[in-house]
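There are 2 protein chains.
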Amino acid sequence: MSVTAAKGFTAAGIAAGIKENGNPDLALVVNNGPRLAAAGVFTSNRVKAAPVLWSEQVLKGGQVSAVILNSGGANACTGAKGFQDTHATAEKVAEVLEGHSAGEVAVCSTGLIGVLLPMDKLLPGVETAAAQLSEHGGEKAAIAIKTTDTVHKTSVVTKDGWTVGGMAKGAGMLAPGLATMLVVLTTDAALDSDVLDRALRAATKVTFDRVDSDGCMSTNDTVLLLASGASEVTPEYEEFAEAVRTVCDDLGQQLIRDAEGASKDIKVEVVGAATEDDAVEVGRSIARNNLLKCAIHGEDPNWGRVLSAIGTTSAAFEPDRLNVAINGVWVCKNGGVGEDRDKVDMRYREVHIVADLAAGPATATIWTNDLTADYVHENSAYSS
Amino acid sequence: MSVTAAKGFTAAGIAAGIKENGNPDLALVVNNGPRLAAAGVFTSNRVKAAPVLWSEQVLKGGQVSAVILNSGGANACTGAKGFQDTHATAEKVAEVLEGHSAGEVAVCSTGLIGVLLPMDKLLPGVETAAAQLSEHGGEKAAIAIKTTDTVHKTSVVTKDGWTVGGMAKGAGMLAPGLATMLVVLTTDAALDSDVLDRALRAATKVTFDRVDSDGCMSTNDTVLLLASGASEVTPEYEEFAEAVRTVCDDLGQQLIRDAEGASKDIKVEVVGAATEDDAVEVGRSIARNNLLKCAIHGEDPNWGRVLSAIGTTSAAFEPDRLNVAINGVWVCKNGGVGEDRDKVDMRYREVHIVADLAAGPATATIWTNDLTADYVHENSAYSS
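Taken in order, these protein sequences are the chains called A and B.
If you're matching positions, the first sequence starts at 1 in my numbering and goes up one per residue.
If you're matching positions, the second sequence starts at 1 in my numbering and goes up one per residue.
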């Protein structure tokens, strides 16, 4: 169902020959209206790929009629020629789809950095994709944007007469991201771009922004939300925002479960923080600690590494009041040894760490993965 | 030679039975004067081990007559009992060495977090170590502080009539550290504690502080500098500071070369920065990027991951003016593709990355290691 679950959208996914192995590598999503409202959130990396620079400009207008996405090349660090290629891609989409303007065509790319896209394959691919646009094309589009993903990721929430659907690729957070994360959400709700923007930012802040697989930030991360208005229903903001958050949360969980080389999904829940910012800072610090991530891989409830990570932050806490639970066992109490660590059962894929700062009422949850030899292998061999 | 290269010092290293495998685990270094001047630098982790809390207090007095160091247990996150144990250890040293005061005995510990030390073995060990104190005991002391170190680390610089020597264990930076880093430096120069403090801080800032093997900060990192004055020579500050810096630099390099599971030593040299702070921030960001560290392991000159890491910083730069050289080949020029990446020879252990921000005259060098399956294995299996 994916991006075509909502009324008013068509999509396609094809193999344009960008990837040398012949796998699908080009996706097209078209908003057939009546509205073209849109919002977008992009990587906060200051080294931005050409498609990000382009799409940021497109989104300033608040209208997106189509999104063209390619895997097989990030078009990042490719200079003026790279930007020209992005521009030419948007022009080609506008030309092939009658009545569209390039300035309303968003572009997303993912793959290796520093390599120009094979435009001689990509531009004919746009024609092929346009010819295959379908109300049932959402799955194929989701498949065509995969890079190291082992499965394609889609999610749909249907409410009273309106729907939010979407697709995602990558594994990581909006920024940082293990690999580039691309997400396209669609809805047939009748909403303006400012409402979409508000709902999208609120959702990504507590979902993709808190999925931190390996602490590395991509040059290409993009999350787009397009609204066709085809349902002719204008939901209440809170209800709409919750639907967007639900789809983002579901897609974020799918990203974590498919992270490169991971054998554990780690939920880092920080409680008792003085502020939400403190909770997020502590959660990220724990989630990015390589020593802890190795310990979790070894099914070792090494709470000392959790405390070490907390100690590097500027959050409000007293070291001798910290408590840590791993899979329900409070292995650290008041900054020291707590319950018997042998009680911790770590056989299952999901690991739940609770870090209690004992400093206030705020909480935050960050998701990450363990650090494995497979992660090292996959990322040592990726481009060579 | 180690800590006994400078006149006025004796040392010992013994197996007290703290480590279950019977390896040496207790070191004692004694300053026989005539001066007892000392300076110390400690982890900036806010979760500090008991010996760090103790030694910070000792160093406030500017005098240290002895240092007792144990491997086989960090005595971190061990609560009031852990602090009592550190105190009792210092008292025992003062009692065994006639005429010493516990308030002038520094204590260092390294090993697992969250485990109380076996005081029934450690305290008798202090007597054994004291009985073996020798002007030739420096090597044995250096051996007794090893944890996952494969070799012991010592360094000596001798100038006109005075000497700076030292020993180190661990692999990492003063803070963060892969494993806890403990360093004891000695000199027979006749200097006051304020001069020692100034020279030590200046040296650690550009050596241990820029050795960042895995971005994880220990609860126990300690660097001490003790001066006996036994040479009766008072060197010029600059000459002394340079000698301390040379010993710290040498020990820091030994730490990197012995980092857990590493197959590459990576020198990240940031040039063209607007400020030294910018250069250090960018260097650390590159040095901590897991994707880049995996690529280097795979001998892949993946400059895109260098640019991604630079882009996450707040340093002054323009993305399209960045240049990156790997082992002498400028693979990235002006933010895009530069010289042929196939020209980069990465067969050797040392890898040299130069990141040119083209934004000013400042520079900084950070040392790190690659990320390997062996690192994952060693840190998955360490405590379980």
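Some hints could be false.
Since copy identity is lost for identical chains, a pair holds within one copy or between any two.
What the hints assert, rightly or not - Simulated crosslink set (EDC-like; lysine to aspartate or glutamate; CA at most 20 angstroms straight-line): (1) Lys264 / Glu378; (2) Lys264 / Asp374; (3) Lys267 / Glu239; (4) Lys81 / Asp320; (5) Lys81 / Asp340.
Think of the hints as simulated: they come from the structure by calculation, not from any bench.
For this session: Pop the pair Lys81 and Asp340 into one bin, within, between, both or neither, using alpha-carbon distances up to 20 angstroms.
Result: between (60 angstroms within a copy, 18 angstroms between copies)
For this session: Go through the copies and call it for Lys264 and Asp374: within, between, both or neither, with a Cα cutoff of 20 angstroms.
Result: both (12 angstroms within a copy, 19 angstroms between copies)
Exercise. Are the CA atoms of Lys81 and Asp320 at most 20 angstroms apart within a copy, between copies, both, or neither?
Worked result: Close across copies (12 angstroms), not inside one copy (57 angstroms); limit 20 angstroms.
For this session: Check Lys267 against Glu239 for me: Cα-Cα at most 20 angstroms, and say if that holds within a copy, between copies, both or neither.
Result: neither (26 angstroms within a copy, 52 angstroms between copies)
Exercise. Under a CA distance limit of 20 angstroms, which applies to Lys264 and Glu378: within one copy, between copies, both, or neither?
Worked result: Both. Shortest intra-copy (16 angstroms) and inter-copy (18 angstroms) distances satisfy the 20 angstroms Cα cut-off.
In this structure, only the earlier hint numbered 3 is contradicted, and the remaining ones agree with it.
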